[in-house]
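Visitor: Next come the chains, spelled out residue by residue.
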Amino acid sequence: MHRFLTFPILLPILLGIGLLCLQPKSRRVRSSYIMAAVLVTSVLSLSCIALTLLRGEQALACILVSFSESFSISLRIDGASMVYGGIVSVLWPLVTAYALDYMSHEGHENRFFSFWLMAYGVVLGIAYSEDFLSLYLFYELLTLATLPLVMHGMDEKARYAGRQYVVYSLSGASFAFIGMVFLLNYGVGHLNFTYGGVLDPNLIAGHENTLLIVFVAAFFGFGVKAAIFPFYKWLPDASVAPTPVSALLHAVAVVKAGAFAIVRLIYFGFGADFLRGTWAQNVVMAATIVTIVYGSARALRTPHLKRRLAFSTVSNLSYILFSLTLMTPAGLLGGLTHMVYHAFVKITMFCCAGAIIHKSGREYVYELEDCGRVMPVTFATFTISSFALIGLPPLGGFAGKWMIAEGAVASGNPMAYVGIGALILSTLLTTLYLITIVARAYFPVGQLDTAALDRIRDPGWSMKVPLILLTASGVLLALVSDGLIRFLALVSQGVL
Amino acid sequence: MEGILIACLVLLPMLASPAVYPLRRHSRAWRNHFVRTLPLIELACAAALILFPDAQLTLPGVCGLGLHFAAGSLRTLLVVTACFLWAMTGLNSPAYFAHAEGCNRYYCFWLLTQGALMGVFLAADLFTLFVFFEMMSFTSYVWVVQNETEEALRAGGTYLAVAVIGGMTLLVGLLLLQDLFGTLEISQLRALAEALPAERRTQLYVAGGCCLVGFGAKAGMFPLHIWLPKAHPVAPAPASALLSGILTKSGVFGVLIISRYLFWADLPWNTVVLALGVVTMVLGAVLAVFSIDLKRTLACSSMSQIGFILVGAAMQGYLSGENALAAWGTVLHMLNHSLIKLVLFVSAGVIYVSTHSLNLNDLRGWGRNKPWLKGVFFIGAASIAGVPGFSGYVSKTLLHESIVEYIHLLEHEGLSATAFQAVEWLFLISGGLTAAYMTKLFVAIFVSPRASGLHLGLREYMSRETSVALGLGAAALLGMGLTPGFTMEPLAERAGTFLMADHGHAVHYFTWVNLKGACISLAIGAAVYLLVIRRLLMRRAGSEMEYLDRWPAWLDLENLVYRPVLRGLAFVGAFCARVVSSAGDLMVLIGEKILFTRAPGIFVPKHDENFGIYARKPRRSIVGDTFSFDLMLAGGGLILLLLYLLL
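The listed protein sequences derive, respectively, from chains Z and F.
For the first sequence, the residue numbers in the numbering used here are 1 to 496.
For the second sequence, the residue numbers in the numbering used here are 1 to 647.
Bear in mind the hints are in silico, worked out from the structure with no lab data behind them.
Beta carbons: idealized from backbone N, C-alpha and C, even for Gly.
The reader is advised that the hints may include incorrect statements.
[Claimed, not checked] According to the in silico footprint, chain Z covers these stretches of chain F (three or more CB under 8 Å from chain Z):
{"id": "1", "region": "139-153"}
{"id": "2", "region": "356-370"}
[To be verified] Incomplete in silico selection of chain F near chain Z, CB under 10 Å:
{"id": "3", "residue": "65"}
{"id": "4", "residue": "105"}
{"id": "5", "residue": "135"}
{"id": "6", "residue": "157"}
{"id": "7", "residue": "165"}
{"id": "8", "residue": "261"}
{"id": "9", "residue": "265"}
{"id": "10", "residue": "561"}
{"id": "11", "residue": "562"}
{"id": "12", "residue": "574"}
{"id": "13", "residue": "586"}
{"id": "14", "residue": "589"}
{"id": "15", "residue": "590"}
Whole structure, please, built from the sequences with the hints as guidance.
Guide: Quick look at the structure:
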């Protein structure tokens, strides 16, 4: 019981290394090995969350390695961990089931899935770490563990994207590292996440501006993974990776690790009260506002389907960041809500894009004319998710946007009003760049190559079932949102 | 019981809608039975809802903030009207789509929209209203593009753009209201709005303005009417009937809520609504007079009638305490207009199915030998023109009376009433134009000699269900018009409580005082028809009279203003984005010149130049593409750290 929390983190890492050593030849053996590993990890992780809910925060807290009194690698689950860890633990098995089928045409599955498993453990590590040092460790590990996944194709494009990805992420993390050093020096002596911040008011007196500069640096450092302007570029380029990677890592796990780290930075490190109303808040908020509009506008101008979705992710991540930079509990609530719904929606859309590429080889939006007719299930799920992303009530994105906007109005910050304007503008752009896809797929214009179209089919059940499950869970989560939002509200007030 | 009824009304059509696909696979007849029956069940539910004026339903936790429904008064009236329209178009649709492909999609979204519309009308708070309002906008988009022609897609684009922009503006308005009051419960808004301190009233005006734009866009209010004349002609006829008959009313419903509950007797607000209403009323009528397309005329007519209703909404505010006449007129005109447009658009559908044209020149004389259709169309036309004895006369008289009453009120207080006399005259002139364009339609289709080359049409030009639907609609119009005291006034009294109307008094519709307004209108109508339409808008070509489209094509608000403005904004946005992103490049370029030599070349894949990440010219965007920049980032971080350690 004492070290129970380490299991969901270490187990997939070890099993991943095991897969690399074993190199099973038979597809069935490999599939069942991977599926079992992922499922066991998810069960372990979710039971950790459940145990914490039952027994309180300290029940599972443990220290892995202790360097000194203030420096240690330690784990603990709190409210924010539950949100991020919960999303990841639910989505990972679903996308794994999808990936097992999808990767059959990409090759090198052993290598791919061993890193896939390791990444799972590392992501859970980010979710469950107790202090900044552990967070930083897993954060860097995540870059390294996912690099082989991004570069999986190993052609020039993939190598280029991978290099871009690793340099962006590592340089970002180095900026974040500065933040940690300052937090330790001006803090209460440890780096454990504390709602309200770890800064010591006596020590910071007179050094406020230095700390704010450091905060901005650290924000952009973590923001690199959350694809904030002007450090967004790696994300669209990384869409050369196999689709399950784009779906899970570049719509959920990695990019939300960035957003999650920023939650930690603002609300559990520097403290929202210290930052609210300062110039630093304005700077970071302005950056998120620019990103919101910029991402949507670029998405509209991008004809490549996966890249368009990636730009859409850039924009939507900044919805979350914008909400977080409101520095109020309502802002945190909005950010977490959008984090949950966007995860479900965007992962479904990427999986649909993957299914389209897998079955038809079509990658550009203008090639999708009339595909709605020949791939009914794929496009039905894509359409529902599109509407959810646009924020059409009662689907998922709406609740998130409403919460964000409500928080922004309530904060009374003049720049927050600009942010609402950006949200609205971005919603219009989102409608445009998604509706054009959907409308073309269902209401084609121009000449069609019917013979080629008729050869396209919906993917097999092993891909259709995850698609349907993902869509259904997204819709259900939106319709029965009461419990979820009450839970998130508790988290955002620091109760959990 | 009441809760179940409400849930049934809202959810049943939505949940049942996908069933059209498996049913159609079984057989066409089954699907058609389903399409006819389900709206009838809904109509029965709506009728049962009349018995429960205080019905409420709360669904906490759905869609974030929870949904809250309530019935009674105007809500029930609108729900019943909507269900009646759905049931009638349900009877008509199978005949209309008898030879069409892909109508399953239409049916599916037809039912989805019904559920959403029920949600709008039954909403007890503005949040719920917004949720269903947005759903309705998107599901009805499919109606507009159903035919998949190029015009349909373009009109659909316009429709969607207006709906989305309106919806977003509405969302901003609601957020501001939520911030002001902490609740969006409609029944509480009035007390809260009156208790609002003066310094926060600006926010209230901003919020109200946003809501007015959002609701007005759906209602077809000037200057957001652009989608109306485009979307209606391209949509299938049953869909046009619903779009113009009842979907626009959801916007009007919203405007009424905002006007009554937030700005009870607020002078500036009511002036704005009145001005917009008058412009919409006149402009719609003028457009309709010029149009030579059957459905476009009817669409412009809808716009004009919405203007009448908005005038009524504003007059209620002016008359504040004694607003019964205005409130009744508003409510009844909403009801009448729904029924009238049902009859007229379904008739248009019948005509279109036989002739495959909507141009009046092609339709001349088509209806000469079709007495049933001729009679029904006449009732609809006479009603909308406000001929005494038909229902439209009653509501128009009430609206007219409310203006007259306010003029008296002003004169009594010794104030100038010139502005309102102008409004009265514009009101009467618009009524006259209505009569003129309806005469134009009626004469063209049912009276004038047959156009050369026009087929007489089959004997069976209309299915039995369609004639039943048309007959019921026309009978309702005629019945109500002949017995206003028994039928219309009690209805109006009940529905008026939602608009907080006072008790009012019975009006004698068939006395000279009240008939005078209608007579002036009809006289203007006759003059316009004889002098303008027959002289200027028609031309003798050989032995026949030909209808001319004299409206200048360039005079189109959408193409003249909105599209260029949007394009301009897009250009400015793109320009700004480019400037912002090249600022970074410039910095790197300078840094590079000073610090680094150029990085090794970039991989450009040989066969994939479309792939956007590889700029053909490596210099175009340097920020992301060079290793040196990455190194500089990392180095910068380390230098900062070093500086800190030293200091």
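Visitor: Under 8 Å between beta-carbons, do enough residues of the region 356-370 of chain F, three at least, approach chain Z for the coverage claim to hold?
Guide: Coverage by chain Z is violated here, the residue count being 0 at a Cβ distance below 8 Å.
Visitor: A closest beta-carbon separation below 10 Å is what the hint needs, so does residue 157 (chain F) meet it against chain Z?
Guide: 8 Å, holds
Visitor: Would the stated hint for residue 561 (chain F) survive a check requiring a Cβ distance to chain Z of less than 10 Å?
Guide: 18 Å, violated
Visitor: Tell me if the interface restraint on residue 165 (chain F) is satisfied: Cβ within less than 10 Å of some Cβ in chain Z.
Guide: 7 Å, holds
Visitor: Hold the hint about residue 265 (chain F) up to the distance rule: shortest CB distance to chain Z must be less than 10 Å.
Guide: 28 Å, violated
Visitor: Does the CB of residue 589 (chain F) sit less than 10 Å away from some CB of chain Z?
Guide: 15 Å, violated
Visitor: Taking 10 Å as the limit, does the beta-carbon of residue 586 (chain F) come near enough to a beta-carbon in chain Z?
Guide: For residue 586 (chain F), the interface hint is violated, since the closest Cβ of chain Z sits about 12 Å away, which is over 10 Å.
Visitor: With 10 Å as the cut and Cβ atoms as the points, is residue 590 (chain F) at the interface with chain Z?
Guide: 16 Å, violated
Visitor: Residue 261 (chain F) was flagged as interface toward chain Z. Is the shortest Cβ-Cβ separation under 10 Å?
Guide: Cβ of residue 261 (chain F) sits 20 Å from chain Z, so the hint is violated.
Visitor: Measuring from the C-beta of residue 135 (chain F) to each C-beta in chain Z, is the shortest one below 10 Å?
Guide: This interface hint holds because 7 Å falls under the 10 Å limit.
Visitor: Let's test the interface hint: is any C-beta of chain Z closer than 10 Å to that of residue 574 (chain F)?
Guide: 7 Å, holds
Visitor: Between the region 139-153 of chain F and chain Z, see if three or more residues pass the 8 Å beta-carbon test, and mark the coverage as holds or violated.
Guide: The restraint on the region 139-153 of chain F holds, since 4 of its residues have a Cβ under 8 Å from chain Z and three suffice.
Hint compliance for this structure: hints 2, 8, 9, 10, 11, 13, 14 and 15 are broken, all remaining hints hold.
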